[in-house]
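Student: These are the residues of each chain, in order.
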Amino acid sequence: MFKEGTVNMKADIKVSEEIIRNRLSQMIINEMCKKKEFKIPIHLALGHESIAVAVSAVMEEDDRLVLTHRNIHYNLARNPCFKAEIDEYLLKSEGLAGGRLGAMNLANERRGIVYTSSILGNNLSVAAGMALGKKVKEEDGIVIVVTGDGAMEEGAFYEGVTFLKTCNLNAIVIVENNEWSLATRIQERRCPIHLDRFASSLDVDYVLLTGNDVYAYITALKQARREAIERNAPVIIEVKLRTLGDWRLKTEEYPDGKFINYHAGASPSIEVSEWPLIREDDSDPVFVLSRYFEIGQLRNISCDMLNRLTGEIQ
Amino acid sequence: MKYVQHINELIRTTIDNSNPIVLYGQNISAGSCISGLTRGLKNGEKRLVINTPNIESTQVGIGFGLMLSGVSSVFFMKQQDFLLLGIDHLVNTYNFVRINEPSASFTIVPVVVDSGYEGIQSSLNNFSDFCSIARIAGYAITNRHDADHIVRTHLVSPGFRIIGVSQRLFQTEILSCENDPTVYNNGEIFQYYEGADITIVCFNFSFPQGMKLREELATLGLSSSLFSVNVMTPIDWLHILRDVSRTKKLIVIDDSKSVNRSCYHLTTEVYRECSIDRVLTLTRDVTDECLRPCSEEFSIDTNSIMKTLRQ
Numbered sequence: 001m002f003k004e005g006t007v008n009m010k011a012d013i014k015v016s017e018e019i020i021r022n023r024l025s026q027m028i029i030n031e032m033c034k035k036k037e038f039k040i041p042i043h044l045a046l047g048h049e050s051i052a053v054a055v056s057a058v059m060e061e062d063d064r065l066v067l068t069h070r071n072i073h074y075n076l077a078r079n080p081c082f083k084a085e086i087d088e089y090l091l092k093s094e095g096l097a098g099g100r101l102g103a104m105n106l107a108n109e110r111r112g113i114v115y116t117s118s119i120l121g122n123n124l125s126v127a128a129g130m131a132l133g134k135k136v137k138e139e140d141g142i143v144i145v146v147t148g149d150g151a152m153e154e155g156a157f158y159e160g161v162t163f164l165k166t167c168n169l170n171a172i173v174i175v176e177n178n179e180w181s182l183a184t185r186i187q188e189r190r191c192p193i194h195l196d197r198f199a200s201s202l203d204v205d206y207v208l209l210t211g212n213d214v215y216a217y218i219t220a221l222k223q224a225r226r227e228a229i230e231r232n233a234p235v236i237i238e239v240k241l242r243t244l245g246d247w248r249l250k251t252e253e254y255p256d257g258k259f260i261n262y263h264a265g266a267s268p269s270i271e272v273s274e275w276p277l278i279r280e281d282d283s284d285p286v287f288v289l290s291r292y293f294e295i296g297q298l299r300n301i302s303c304d305m306l307n308r309l310t311g312e313i314q
Numbered sequence: 001m002k003y004v005q006h007i008n009e010l011i012r013t014t015i016d017n018s019n020p021i022v023l024y025g026q027n028i029s030a031g032s033c034i035s036g037l038t039r040g041l042k043n044g045e046k047r048l049v050i051n052t053p054n055i056e057s058t059q060v061g062i063g064f065g066l067m068l069s070g071v072s073s074v075f076f077m078k079q080q081d082f083l084l085l086g087i088d089h090l091v092n093t094y095n096f097v098r099i100n101e102p103s104a105s106f107t108i109v110p111v112v113v114d115s116g117y118e119g120i121q122s123s124l125n126n127f128s129d130f131c132s133i134a135r136i137a138g139y140a141i142t143n144r145h146d147a148d149h150i151v152r153t154h155l156v157s158p159g160f161r162i163i164g165v166s167q168r169l170f171q172t173e174i175l176s177c178e179n180d181p182t183v184y185n186n187g188e189i190f191q192y193y194e195g196a197d198i199t200i201v202c203f204n205f206s207f208p209q210g211m212k213l214r215e216e217l218a219t220l221g222l223s224s225s226l227f228s229v230n231v232m233t234p235i236d237w238l239h240i241l242r243d244v245s246r247t248k249k250l251i252v253i254d255d256s257k258s259v260n261r262s263c264y265h266l267t268t269e270v271y272r273e274c275s276i277d278r279v280l281t282l283t284r285d286v287t288d289e290c291l292r293p294c295s296e297e298f299s300i301d302t303n304s305i306m307k308t309l310r311q
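Taken in sequence, the protein lines are chains L and Y.
Just so you know, we're using this note's numbering here: the first sequence kicks off at 1 and counts up by one.
Just so you know, we're using this note's numbering here: the second sequence kicks off at 1 and counts up by one.
These aren't lab readings, by the way, just hints derived from the structure by calculation.
Among the hints, erroneous ones may be present.
[To be verified] Across the chosen pairs, the derived CB separations fall in these ranges:
no. : chain 1 : residue 1 : chain 2 : residue 2 : range
1   : Y       : V91       : L       : P80       : 22 to 28 Å
2   : Y       : K2        : L       : K137      : 32 to 38 Å
3   : Y       : G119      : L       : R231      : 43 to 49 Å
4   : Y       : I120      : L       : K39       : 41 to 47 Å
By construction, the Cβ of each residue, glycine as well, lies at the ideal position given by its N, Cα and C atoms.
Model the full structure from these sequences, guided by the hints.
Tutor: Right under this line is the structure:
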C-alpha cells in the first residue's frame with residue numbers, strides 16, 4: 001500500500017487525505033457554482049492544493065496567514081468544517097465569518113488567517129505591518145503572505161518586500177505563479193520578471209517550488225520558515241503551478257474550440273467524481289500523490305471523503 | 001508659540017503614555033523632522049520610531065497590519081497629497097479592518113499642503129475629500145483649543161482616523177481664544193463664542209479667517225457666534241442649527257478647493273430646518289489658477305459682507 005522511499009506512513013497519508021479533501025471540496029463547490037447557488041464571485045484553485053496543504057501543515061500556533069482573492073484552497077486547508085465554508089459563500093450567519101466576508105475577503109482568525117484582500121499587491125504591506133507588530137510585541141511565529149504572478153507586477157509588491165527586508169522582519173512571501181492574470185498570459189501582458197534576480201537584488205532568499213509534490217513542499221517550507229526566523233528576514237517562495245479547469249469554447253470563429261483559461265466561477269470541464277483526478281501529469285497535485293501511495297488506496301480514501309463531504313452539507 | 005511647536009509638544013506628551021506603539025514616516029527623525037512636527041520622537045520601551053523608505057501605499061497598509069496585530073501606530077506624512085498613493089488601503093483595507101472593531105489605534109497625520117506655493121500639489125487641500133471616501137473619521141487642527149482636544153483624545157485611541165495639520169499655519173503663532181470652547185460630538189464641532197447677531201461657521205482650515213471676521217464685525221457693533229467644524233460631516237448639526245435659529249444670519253467659511261465641500265451639508269440643513277434671513281457662503285473660486293504656484297491667500301472682505309447683510 002505504501003510505496004518505498006517515504007517515511008512515517010501515518011503522518012504522510014493524512015497529508016494526502018488533505019489534498020483529496022481540498023480537491024473534492026472545490027469540485028462540490030464547482031457543481032454548486034454551475035447551478036448558480038452562490039451570488040458571490042468564487043475563485044476556485046484547482047491545481048493549487050499542494051502549496052495550500054503544505055503551508056497549513058507547517059504553520060505553528062503563532063503563525064499568521066495573509067491571503068488574496070484566490071484563497072479557497074487555504075481556507076479549506078485551515079478549516080476542518082466544510083459546511084461553514086459553504087454557509088459563508090451562501091452568506092449565512094452560520095458561515096465561517098458570519099456571512100460578512102463572502103469569498104474574496106474570507107479570513108478565519110481562529111485558524112490563523114488574519115487578513116485577505118481582493119486587491120492585487122494590497123496584502124503585502126498589511127503582512128509587513130503584522131510582521132512589524134510581532135517584532136514590537138516580541139511574539140513568536142512568522143507571517144506568511146500569499147500572492148500571485150499578477151500581483152508581483154504591482155508596485156506594492158516591491159514596496160512590501162523592501163520594507164520587510166529593511167526592517168529585518170521575518171516573513172514568507174509565497175508567489176503562486178500560474179502565468180495568468182485573468183485572460184492574459186505573462187508573455188501577452190508584460191516582459192519577464194525574474195523573481196530570483198529581484199530577490200537577489202534585495203539580498204532576500206529565494207526558493208523555487210515546482211512539481212506539486214506536497215511532501216517536498218512541506219520540507220522546503222519548514223526550512224524556509226526556520227531560516228526566515230533565524231535571520232530575521234523575508235524569504236520569497238515562487239510556486240510554479242497550473243490552475244486547472246480550463247475548457248474550449250466552440251464558436252463559429254473557433255470551430256475546434258477557443259482555449260478559455262479558468263479564472264473564476266464554475267468550470268464546465270470539471271465534474272465531481274469519487275476519484276478527483278483532473279490531469280495525469282505533475283500539474284495535478286492529486287496525480288502526484290500516486291508516487292507515494294497505491295491508486296487503489298487513494299481511491300478508497302477519496303470515495304469515503306466524498307461521502308463525508310456531501311453528507312456534511314446535506 | 002508657533003502652531004507646529006504646540007502640536008509637536010502635544011504629540012510627544014500623548015505618545016509618552018502609549019505603549020506599545022510604532023511611529024513612522026519619511027524623515028520623521030531626520031533633517032527638519034517634517035518642519036518640526038515630529039521633532040524629538042525617540043525609541044523607547046516598546047516604542048519604535050522608523051524613518052521609512054518612500055513607500056506611501058505600503059505605509060498605509062503597514063498601519064492596518066499593525067492594527068490587526070494589536071499594536072498602535074501613528075504615520076506622519078509630509079504632504080497630504082502623498083496619501084493619494086494609499087487610497088486603496090484607506091478604502092479596501094480599512095473596510096476589512098473596521099468590521100472587527102480593533103482595539104489598537106492607527107492614526108495618519110498628514111500635512112495638508114495649503115500654502116499655495118507647491119502649485120499643482122496644493123490643489124488638493126480639502127481634508128474631508130480623503131475622509132469621505134470611506135467614512136473615515138478626520139479632524140483638522142486649526143488652533144490651540146482644537147489641537148489640545150483632538151491630539152489628546154484621538155491621536156492614540158482604538159480605531160482609525162486622519163488628523164490633518166495645515167502647512168499654511170505651521171510657522172504662525174497658534175491661535176487661541178480667551179475662554180475654552182464648548183466641544184460637541186467628541187471634537188467634531190467647537191463653539192468658541194456665542195453672539196446675538198450672526199452665526200459664523202468655519203470649515204476645513206478656515207478658523208483664522210472666521211476669528212478675524214468675528215473681530216472685525218465686533219468693531220462694527222455686531223456680535224457673532226463662532227463655530228469651527230473640524231470633521232468631514234458631523235452627524236449632528238443640532239447645536240449650530242439652534243444658534244442659527246436664534247441669530248437668523250449665517251456666514252459659512254470654507255477654504256477648501258473641493259467641489260464637494262462639507263459646508264454645503266450644513267447650508268442644506270439650515271435651509272431645511274431654520275427660518276433664516278440671510279446665508280452667506282464664503283468659498284474659494286476653484287479655477288485653473290489653483291494649479292499655479294501662488295500665495296493662495298483666502299482673505300475675506302468684511303465691508304462686502306456688511307453690504308450684503310444690510311441688503
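Student: So which of the earlier hints does this model not fit?
Tutor: 1
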